[in-house]
Amino acid sequence: MSGSYPSPETIGRSELANGITVLGYQTHGSPSVVVSGYLWAGALGEPPDRAGLAYFTAGMLTHGTETRSFGQINEALESVGAQLGIRGGTHNVSFGGKALAEDLDLLLDVLADCLQQPTFPLGEVQKLRGQILTDLERRAHDTRRMAHLTFDALLYPDHPYGRSVKGYEETVSGLQRQDLVDHYRAHYAPRGMVLAVVGAVPVAEAQEKVEAALGPWRALEATPIRDIPPAVDLPEPRRQVVDVEGKTQADVVLGWPGLKRADPDFVPAYLANTVLGTFGMMGRLGDRVRDEQGLAYYVYSRLEAGLGAGPWSAMAGVNPADVEQAIDGILDEVRRLRDEPVPAGELADSQSYLTGSLPLRLETNEGIAGTLLEIERYRLGLDYLQRYAGLIEAVTVPEVQEVARKYLDPDVYCLAVAGPEV
Amino acid sequence: MSEKHQLENGLTVLLQESRRAPVTTFWIWYRVGSRNEVPGVTGIAHWAEHMLFKGSEAFPKGQIDKQIARNGGAMNGLTWMDFTTFFETLPADRIDLGLRIESDRMVNALFDPEEVARERTVIISERQGAENQPPFLLGEEVVAAAFRVHPYHHQTIGDMCDLEVISRQQLWDHYQAFYGPNNAIAVAVGDFEAPRMLDRIRTLFGPLAARSTPPPVYRPEPPQRGERRVNLEGPGTTSYFQAAYHVPPAAEDDFFAVTVLTSILSGPSGMNLFSSSPPNRTSRLYQALVESELAVSVSGAYPPTLDPYLYRLSATVRGGRTAAEIEAALDAEIERIRREPVSATELETAVKQTKAQFAYSSESVTNQGFWLGYSAIVADTSWFETFLDRLEALTVEDVQRVANAYLSHSNRTLGHYLAQGRGAEVAASGQEESR
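For the record, the sequence lines run as chains A and B.
Read in numbering that gives the first Met the number 0, the first sequence has 103 at position 104, and its numbers run on one by one without any break.
Read in numbering that gives the first Met the number 0, the second sequence has 151 at position 152, and its numbers run on one by one without any break.
No lab work stands behind these hints: they were computed from the structure.
A hint or two may mislead.
As the list claims (entries may be wrong) - Subject to a maximum C-alpha distance of 30 Å in a straight line, what follows is the list of computed DSSO-like cross-link-like pairs (lysine-lysine): (1) A:Lys208 / B:Lys351; (2) B:Lys354 / B:Lys3; (3) A:Lys405 / B:Lys3; (4) A:Lys208 / A:Lys405; (5) B:Lys354 / A:Lys259; (6) B:Lys65 / A:Lys208; (7) B:Lys351 / B:Lys3.
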């Protein structure tokens, strides 16, 4: 089975002279192609009073270039059923698009155009600012989003991970066109960019087309932002409740500082998280809080291990009257994971799930592209998919228990609740 | 192309081989949804779907999801207006587990009373989560106003008063009435050999006895004879606008012309169950509402249905603007599309966009299984397999004709959600910059 996964023999990897890494993989059976990737112009460098700058700048790239207006970009893509999005995140600006294979040249041309020569038309800046601000208003009344926003700020005070990538009403209102232009000029460059092409296109052809579209880009004065923010501690429990009027459900986020993807604890932590809150219908948390207690429509856990140490957290949507009971349920499961070794069969189940579900994750062009980007980002090696099962199966019961004890403290945790006043 | 079979007990079987990836999907579709519900038991179809995950003797509670996960698969259930469906997608060599689960729970689900009680709070929690979202509240009122008679009137999640009192007996009766091979369609798409798959389906499902034919639903909605309006007020600082027009069901000829019409107005429908809609920035309503800065987004949906349903439009009002302004801009666009034929280019683009969506959808056997089953519920599989041909046969006159037939004021229901929360008087967004 693993012989048919993308491998060093079938994944194309090349580096352009300007610093772009190109990954290619050919698939059969559907006449479509996906292009996705990232570059290093994210929100990490933003001072708190300019939160939202990277996101707003990235959003503007598809709003007009030297050769195409916003309308013309949309027309070019949508008239052939293609799509392209560019989005600012914490570490990166990421882009993703798809088209029929026959339209790959067009897709790459539009992407290259947006990345290399955006014009930030003033009218478009106003328009997009209004859209972002309206979304921030909606967020203020969305219990799920407010729970996550509050949690992040509480766990990561004065830290890029604690700030909203989209920004805040006060900060986004103050961003002017020149700020966006300056951010673009300072940080958008091909150096360190990664781009994957997956679909009904031979690898060599895909690489040639990318080179033709993006090879000439230099931007030598720009500096990609590649710092990794420091890890944080949680020396004392923290708790914050946000009242959101008129709501009938409360959302809860409870968590701890986690670890980096590159940390040797990662694979055991990934298994521990799968047992805790992912396997089957949301893992042990689902069994307890949803199935046994009937308290929540959703409850699960998530390990955000990236270039920096993101949080390890559990989240649930519950009736406001049941918030404390749901929190107790979550903490009881955390205690159980720490105090009692996971039965060997239960660990084996999670291992089977992760290894067995690989074909499903690699079924679509988008799934494959995402996997290739992950391999590149974390330097996992082009033979990662061949080694994957071995890595997962090597995790032992004691390792899972140890990693739960190290990171998940049932007495010292960070908690955010957003919902109606109870 | 798919092949179709029928077992003696009435089970319809649709099979499509696909060697694209070593993955297979198996679906069971039941011809029952919220359209079969009467007041007092709204939400029962969806609740019964949940109960099918709560245990049988062969698969005690919790076992289905664990066994699927252990085998590297994914699974879910969906309930909507015209159907209740369950699927498993697994590595191709493990698909038998899906067939065994479905053939078992078609007739052996326990509906344990304690599980019914536990699930009551979960479903109420699901409804409460939906109520947190003003667009859900507005949509519920708009659809209820558009349908006075037909059971499409209420939401699939059900009304809270019914969720509070539906009994185990009622759930059991629903299961007995609607879950049988004669009321179901089995679908398999993926890496298998059709004759062997058919054999296996026959072995597992063949012995299941047909139930009596479920009662038909005959509550056709009388023609709407005048524009209807609902106004909601509520918390938050963001307002919303919705409009709904009565339109033909999937199996009517006009379905395809209206599909193109709605594509031109608000963008193409996506065909991927698991991704967001395709972009619609070149659509007429995006231009008229979002480019003009009245709305921050606009979307339209014309889902294929068994009985006539609605073309539904939604827009999020931009800070400082009003739903009334959006309504006026919508009116101007509707008036234009009724008065002047769309261009040949717009028609071609709508068709090409749908063609692209079909191509993207075909990457996933789960999507393919979804569409085969869905088309068999609302029409038949040839409806899906000749979809693009039907679109390609259309002319701009066809599109203009349906615009005039269906997009009239007297055929529509409008909804405004007015945010009344703190800070509801939002200053005009952004700051003016000197040019």
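With a cut-off of 30 Å on the C-alpha distance, tell me whether Lys208 of chain A and Lys405 of chain A pass.
Cα-Cα ~48 Å, so violated.
Given the hint that Lys208 of chain A pairs with Lys351 of chain B, test it: the Cα-Cα distance must not exceed 30 Å.
holds, 24 Å
Is Lys354 of chain B within 30 Å of Lys3 of chain B, Cα to Cα?
holds, 24 Å
Compare the distance between the alpha carbons of Lys405 of chain A and Lys3 of chain B with 30 Å, and conclude whether the hinted pair is satisfied.
violated, 56 Å
Given the hinted pair Lys65 of chain B and Lys208 of chain A, is their Cα-Cα distance within 30 Å?
violated, 45 Å
30 Å limit on alpha-carbon distance, applied to hinted pair Lys351 of chain B and Lys3 of chain B
holds, 29 Å
Taking 30 Å as the top limit, are the C-alpha atoms of Lys354 of chain B and Lys259 of chain A close enough?
violated, 42 Å
Comparing the model with each earlier hint shows violations of hints 3, 4, 5 and 6; every other hint is respected.
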